[in-house]
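2 protein chains.
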Amino acid sequence: MARNNHPEETVNLILDTAFRLFMEKGYEHTSIQNIIDNLGGLSKGAIYHHFKSKEDILIAVTNRMTDESNRMLEAIRDRSGLNGKEKLKMIFKESIRRPVQNDIFTVAPDFHKNPKLLFSLLHDTIDNVAPNYILPIIEQGIADGSVKTNYPEQLAELILLAANVWMNPMIFDSSEEESHHKFMVFDQMLRGFGLDIIDNEMLERLQELTSIYQKSK
Amino acid sequence: MARNNHPEETVNLILDTAFRLFMEKGYEHTSIQNIIDNLGGLSKGAIYHHFKSKEDILIAVTNRMTDESNRMLEAIRDRSGLNGKEKLKMIFKESIRRPVQNDIFTVAPDFHKNPKLLFSLLHDTIDNVAPNYILPIIEQGIADGSVKTNYPEQLAELILLAANVWMNPMIFDSSEEESHHKFMVFDQMLRGFGLDIIDNEMLERLQELTSIYQKSK
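In order, the protein sequence lines correspond to chains A and B. For the first sequence, counting from 1, position 195 maps to 211 in this note's numbering; every step adds exactly one. For the second sequence, counting from 1, position 167 maps to 183 in this note's numbering; every step adds exactly one.
Hints in this document: simulated from the structure, not taken from any laboratory. Just so we're clear, the structure is a prediction, and the values are computed from it rather than from any experiment. Keep in mind that a hint or two might mislead.
It does not matter which identical chain is meant; a pair holds if it fits inside one copy or across any two.
Computed list of lysine-lysine pairs in DSSO-like fashion (alpha-carbon distance at most 27 Å, straight line) [said to hold, decoys possible]:
id, residue 1, residue 2
1, 129, 231
2, 68, 129
3, 129, 41
4, 41, 60
5, 60, 132
6, 231, 109
7, 231, 41
8, 129, 109
9, 132, 68
10, 164, 105
11, 68, 41
12, 164, 132
This is chain A alone, in the form it adopts within the complex (with noise of 0.2 Å):
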């Protein structure tokens, strides 16, 4: 491929092609020139008109994954017939089961040499899906009775905050056992606002995760 006049079909070549070889080498052993080999004759020039480094692909890749993400949260928020928890608890069995979070902790990006990476994962967090998504929920378990808090807008973010964040074994490196042990100190935290909403299943999915991480390291 020599040119291409739709940016948009540029900016998807880039990013499948950059996501895959994050799978096959890891994000820190991928290089931008590495990319530019896999892309069929793309210039140097025509992928840094679309992005500055490396990182800034990550991004991209990232976000890409987040939209896909935040359709899930969108549909499960807009469902009839579930309770304000019941949601909730969807909702976590969702994001951990989806078969792209396998990809998420393969690509292992060290959140340590990205800090760009991180502070979009925490405004994407913060600013989009705290508000967004779990608010309208934990207020509509408050009106149903199922979740306990006068706070929902900052109980909203100290639930992500948590599990996005503190739990991310590729911010916070964890052994497997330790991954179990805050499941279990979250699933407590959660019980405080009236949420049990953590069950045997989940702690399986999340240790078979944090394995893969720690494989691919």
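Starting from the structure of chain A, add chain B where the hints point.
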């Protein structure tokens, strides 16, 4: 002062000067050149001999404060006559009471522009404060019945991340009202572990600190 054959004194002079300027002008508005101009003739080479960047100076300034904080944590950890819960309460009270907190909130570095500082804070929290100070107190609390959890290491981490990161207005910008709500959710979370330790005096002091930060930004 033209020369200094005592590197420790030179480092302390740089840190004292930098800290004073950070306080007066704010971290973002202080340049390395400003610091040099205030060192009474110490050369640019001398400062770069000890510190690679302005952010490295900030980290050293922060570490010096952390050492002070660690001595306070150590004293409370090793006190007799208090149970685990009472020690945790005393730590929160002392941590926010100390006048140095006013200074920190006045320096008000923007963590997004200073990712090394964020990582340094995260690492100090997880690798030092949690295992060396909070963990032994939680273990004491489990033994004396005042703390309820089976996973003391993970509870130490969760409490510190909530207190030092989530509730830190320099990382997650919060209005006074939002800060207050975060503290209330933090209180509810702690109660799930048997820890009814937040009181009105703490709430008032926290609002004072948030207000100092909002004015310094």
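Self-check item: Hints violated by the structure (numbers, ascending)
Solution: The structure conflicts with hints 8, 12, although it agrees with all the remaining ones.
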